[in-house]
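> Read off the chains here:
Protein chains: 2
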Amino acid sequence: MGNVTIKFLAKELNLSIAAISKALRDSHEISPATKKRVQDLAKQLNYVPNPYASSLRHRKSKTIAVVLPEVADSFFSEAINGIEAVAIKKDYHVLLYLTHESIAREEAILKDFQSGRVDGILMSISAETNCYQHIHSLFSKDMPIVFFDRICNEIKTTKVITDDFDCGYNAAAHLIKTGCQKINFLSISESLGITTMRKMGCMKACQDFNMENAFQSLLLSNKETESNYSMIKSLLKKKSRPDGIIASVEKLSLDVYFACRELGLSIPDDLQLIGFSNLSSVSLLAPALTTITQPAFEIGETAASTLIKAIEKKSFVLVDEHITIPSKFIIRGSTKSIVQEKSPD
Amino acid sequence: MGNVTIKFLAKELNLSIAAISKALRDSHEISPATKKRVQDLAKQLNYVPNPYASSLRHRKSKTIAVVLPEVADSFFSEAINGIEAVAIKKDYHVLLYLTHESIAREEAILKDFQSGRVDGILMSISAETNCYQHIHSLFSKDMPIVFFDRICNEIKTTKVITDDFDCGYNAAAHLIKTGCQKINFLSISESLGITTMRKMGCMKACQDFNMENAFQSLLLSNKETESNYSMIKSLLKKKSRPDGIIASVEKLSLDVYFACRELGLSIPDDLQLIGFSNLSSVSLLAPALTTITQPAFEIGETAASTLIKAIEKKSFVLVDEHITIPSKFIIRGSTKSIVQEKSPD
Chain A
1 MGNVTIKFLA KELNLSIAAI SKALRDSHEI SPATKKRVQD LAKQLNYVPN PYASSLRHRK
61 SKTIAVVLPE VADSFFSEAI NGIEAVAIKK DYHVLLYLTH ESIAREEAIL KDFQSGRVDG
121 ILMSISAETN CYQHIHSLFS KDMPIVFFDR ICNEIKTTKV ITDDFDCGYN AAAHLIKTGC
181 QKINFLSISE SLGITTMRKM GCMKACQDFN MENAFQSLLL SNKETESNYS MIKSLLKKKS
241 RPDGIIASVE KLSLDVYFAC RELGLSIPDD LQLIGFSNLS SVSLLAPALT TITQPAFEIG
301 ETAASTLIKA IEKKSFVLVD EHITIPSKFI IRGSTKSIVQ EKSPD
Chain W
1 MGNVTIKFLA KELNLSIAAI SKALRDSHEI SPATKKRVQD LAKQLNYVPN PYASSLRHRK
61 SKTIAVVLPE VADSFFSEAI NGIEAVAIKK DYHVLLYLTH ESIAREEAIL KDFQSGRVDG
121 ILMSISAETN CYQHIHSLFS KDMPIVFFDR ICNEIKTTKV ITDDFDCGYN AAAHLIKTGC
181 QKINFLSISE SLGITTMRKM GCMKACQDFN MENAFQSLLL SNKETESNYS MIKSLLKKKS
241 RPDGIIASVE KLSLDVYFAC RELGLSIPDD LQLIGFSNLS SVSLLAPALT TITQPAFEIG
301 ETAASTLIKA IEKKSFVLVD EHITIPSKFI IRGSTKSIVQ EKSPD
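In order, the protein sequence lines correspond to chains A and W.
Just so we're aligned, residue 1 is where the first sequence starts under the numbering used here, counting upward by one.
Just so we're aligned, residue 1 is where the second sequence starts under the numbering used here, counting upward by one.
Derived from the structure by calculation, the hints contain no laboratory data.
Among these hints, one or two may not hold up.
Remember, identical chains collapse to one label, so a pair may be satisfied in a single copy or spanning two.
Once the Cα atoms are required to be at most 20 Å apart in a straight line, the calculated SDA-like pairs of lysine to any residue come out as [said to hold, decoys possible]:
(1) K342 - E312
(2) K313 - A108
(3) K223 - A85
(4) K156 - T324
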């Protein structure tokens, strides 16, 4: 029957709704005598504590939502571990929602939050998300939102990211130093900020090394693994095929390995490869994958503690800022050794 | 203020609590005139729909909890995908809780469910869980629970599993057929049912092939990856080291690869290896890993639809049964070819 009873009590006791609410919270602003009257009536009505009743009373559900593209990816699963580590410490519950890279699904999920099921949201947007009305309309209703990894710059809140531009720059610079003449950047989105930053980093490195024309990119599907595999194979069958690939998403690196195997191309002799991945198995691949390894756990942890602080402390406001936690560049066997150290022109 | 108002309305209108409840649900058992009286008063008190108020009214939160050891494991992340696919179709919310293999944490999580935050629970118990009081006390209060993968046989409910005994049997039989003389089974728990079943399957194969003495097992920590790595290295340094290993947990397979690399042992020449894993990267390892690949998505899906059916249909009761979805045995390069087909004695 919801929050009608405060009104009813107010009417019964001829008090304001605010006074009833404060009396029930045992506020010092209410006289002991009034508090007793209110609390006695509440007791008479046999009030039973319950998390949802308590949510109504405190307007807090002690629940946060995590909205992200998928869980079967080493970055996101480690980020969830980081989020959950903070949530359990702070006594919060974590609702998990997967968009599977669909903006329609993301919109439906966010629409449901209008009803007040959660106190705040941690979000990594889908590869399809290029319009942000669904996020705006929630954020404008004072729902705290913190973005991590795949952020939405338009929303004026805190974003926890890694140094994506530098990651792209370092990857491309390394490929240039190890002799690559044609670098291809594989991505699954044209709208995601992280993809743009990584790509811009790659392009800047090519510019700095006076190799603007060496850079190309291939946009793959954010859903169909099969079609991605064919597209990667087509790319590698071309006469003008790349001799260096930067895969901006974990699963694309594996597709490149499979395609090379099928086409009889050797990594790193015929094709050098750098991937974004946090899988511990990458160092056991044949050859081991050179990676950009993101601080997934720390990103999740930082995003969760910032969000919970904003939920709990009235004095703490989510500022429009980027918190950047750097990634590690780990060189392994899928790239050649640097024969001659080049420096940017 | 919770569910007090039904009582209050009952008192005000001189009706039973059940009658008020039915009238609010627009039940055909209540006369139109009475319904109108009840609904008018509810309206007068300005009832506002809200998921938590609605939870109180219907005693349903449309929320299920998933309690499992970890998310950074290909089996569990795929199982979550299966659970989530059903939840979104049925309009349910998924609360995710990770025990990180700790029984204390599992107990704390389950204790919190007593308050009615969720309508039902999907659970895969921790490697430490060898006493089930915390599960019993929740289940005995009519909380629907469905187990998946790591089940608790003591609780009389539905369990969704794979054919663990056969998985163990097939793995050991294959190692015997490919020439292994000393098989070691690596596990992280002595209490988990799935581990016991897999181990029993291995032992039965050894018996059937008249090689009882060929079988040994090593119990590793369910937490410390570092200490596991040392223990695996010690095992492989022994003069009497195994020539075949069955790793019952994904991450242990990777430890074996790393240890072999450090010790200069060749897989499969010096040591054959079979692992339980759903990682698509296993076929890119050097050498590719022979695996038992579990139907993770289907297990999650089946467990979730069974649980939601039990929540929604009064006529559907969770029976004490095992739903078994078979795994696939996929032979790759970490095991040798079968030179001579052996059959059990």
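> If a hint holds in the structure, say so; if it doesn't, say that too.
Here is how each hint holds up against the structure:
| no. | hint | in the structure |
| --- | --- | --- |
| 1 | K342 - E312 | neither (51 Å within a copy, 66 Å between copies) |
| 2 | K313 - A108 | neither (29 Å within a copy, 26 Å between copies) |
| 3 | K223 - A85 | between (30 Å within a copy, 15 Å between copies) |
| 4 | K156 - T324 | within (16 Å within a copy, 50 Å between copies) |
Comparing the model with each earlier hint shows violations of hints 1, 2; every other hint is respected.
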